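Based on the sequences and whatever the hints tell you, model everything.
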Amino acid sequence: MTDVSKLIWLIPILPLLGVAWNGTLGRRLGKGAVGATACGTVLLAFLLSLGAVWDLAQLPPDARYVTASLGTWLPLGPIGPGGEAAVVDWGFALDPLSAVMILVVTGVGFLIHVYATGYMAHEEGFARFFVYMNLFMSMMLTLVLGSNLLVTFVGWEGVGLCSYLLIGFFFDRPFDARTGLTCADAGRKAFLVNRIGDFAFVIGLLYLLTTFGTLDYRSVLETVATGGGSHAMLVAVGLLLFIGACGKSAQIPLYVWLPDAMAGPTPVSALIHAATMVTAGVYMVTRMSGLYAHAPEAMAVVAVVGAATALFAATMGITATDIKKVLAYSTVSQLGYMFAAAGVGAWTAAIFHLMTHAFFKALLFLGAGSVIHGQGGEQDIRKMGGLKSKMPVTFATFITATLAIAGIFPLAGFFSKDEILWGAFSSGHVGVWAVLALSAGLTAFYMFRLTFLVFYGAHRGDHHTWDHAHESPRSMTVPLLVLASLSVAGGWVGIPAILAGRDINVFHHWLAPSLAGGHAEEGAAHAASTEGALMAAALAVAIVGIGLAFAIYRRRPEAAASIASTFRPVYALWRNLYWVDELYEAVILRPFYAMSRFFAAFDRFVVDGAVNVSGIVVDITGQLLKLFQTGYVRNYALLFLMGVVAILVYFATVPR
Amino acid sequence: MIDPRLVLVLSAALFSLGVAGVLLRRGAISILMCIELMLNSANLAFITFARVHGGPEAQIYVFFVMTLAAAEAAAGLAIVIALFRLKGTTDVDEISLLKW
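From first to last, the protein sequence lines stand for chains A and B. Counting in the working numbering, the final residue of the first sequence is number 688, and the numbers go up one at a time with none missing. Counting in the working numbering, the final residue of the second sequence is number 1283, and the numbers go up one at a time with none missing.
Just so you know, these hints were derived from the structure itself, not from any lab. Please note: incorrect hints may appear among the correct ones.
Just some of the chain B residues that point at chain A, by a computed CB distance under 7 Å [what the hints assert, rightly or not]:
1. L1206
2. V1275
3. D1276
Note that this is a predicted model, so its numbers are computed, not measured. For glycine and all other residues, C-beta sits at the position ideal for the given N, C-alpha and C.
Shown next, in the form of structure tokens:
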């Protein structure tokens, strides 16, 4: 074993160097130098991560927990039951779970950085873009590597900031005609909605700190494992942390920001709003799996919210007409899958799906970016079509990712989705399983609807766009190809025993030391025939979804409109996104504005009024007193004399 | 020796004359002179008490008052000259710049 894993603190620092370099000199340097710096720092972080994880793998499974501290951050006073002094370190920790995360974050992040050098080549603010991107990488790695909740929270807020900055990157451009938002508004919306979740997160964090006197993951989980903390407290903390995760990972009811986050440039959508940041909630919940295992009520909430989000978002994906919005709803839906997996105790499956989803969803977004790039900025899939011949590489990789997300054997999505479905079923959550299976069918349907509308049929835009449609440059297609191979092969690390005939689920064994032993995985060996049947069912549902999409959008494209008019109420419901934005407007925003107006009026009339009244009193007093100022010196002298006489009389009469 | 009470009565009479002058006269210079009269009547009372009690303190006060009177006369006259240049009069009823 070498000592590379001792250098994990350097991993988040490396992209920060890129921030410093490009942030100070970026405007003077050429685009080539800026791009090379940005990609280079992320590549270095990736290589260092590889070395550190290799190091980690040399250790025996139970010893795979390497920490590195940059010193004490907060020496807190005596907190907690024992009254011992609590200390929060700038601590970083590498264990199998964070190992998976740093490899995904730096690996996919590097590919997206490379892609972005091509995608952003013609945009203003090239250097600014990469400063934000590198800062994001740094914060995301801090989030993942933090050895205590507070360091994670620093990263958590940092990625939120970068998300805000990057969503509003084209801050002066209009974004959504329906709501009249600009890109800057979309960024603000994301930031504010996240604040709600973060608020709960902080409360949960403080609750944990005051109860246990520590925020270190390992100490907290050890305390919980040895029976520390009351049941009610664990449930409360679990729920509070989950609300935080809901904000970051766009779950009901806080998912509304993610579709609007598509205002950001497409590489941002791929990196932040598909592959990495939005999965931070799943990561955090999984990281706390030992706590959730002792709070079954909280887990039930996680499972229900996750499953509901998976279905709910999938239906909205069916009617969306913006290529990126379809993918955004798809992301919300897939995140719901991950939470559902976490909620039923299939922790490995949640992280497995997180990883494969990072591959194929980043690929889908980058493919969509390539399409948008080739179409001169057009994002409406109703104005696309037939691009298969114009953009062969983009098409080939996009269809790979689509098959992967639909869960077709043997692509990555099949294995991870199947593991989640099996986890839900085998742990007795048949309702969750049914909802997820239905969502899987919908996912296959809307993804193939998207593919057919974009790449097949006749082009529906103007011929000018069609003539200019072209394949993207090498810097964009190469990352597509790499991600496509990962989308194919990424699932093979977690092939279930039933298919291979023996236990070759590397992924499961790798993660096991980091996670709470879930009941879903214990039962895995017992019901092989059921597992096989479920697998076939999931595959069948996906194929039905694809077939339906083929029948409608490939065979009879005109049928879509008539189906929409037949089911007008449902179509309107989905098309208008269940009026959730309007609901929030009516239920939260309007009362809030009304309250604000009330307080503004209170301030103006009562608070300011009190100040004004005191001024008026002084004024009136002055008006009365000025009558003594006659301007006649003799009057003053007379008053003076009277005063003297009065004082003399006083001293003469008052007895000593 | 004269009866000190007679001298004190004289002092009080002079003081009252001064007060009456300050209150009734309109010319600024007359008012200043009346103030001098009041100060000097007070000096007379001090001297009288010094004579009665035989200590030096009251006489020291007299010197203070005389110094003050000189300073007051200098400052007062300077003000009166400035006022006269400004308003062309020394009638204090005409001078009411600070009145509302």
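Earlier hints that do not hold, by number: none
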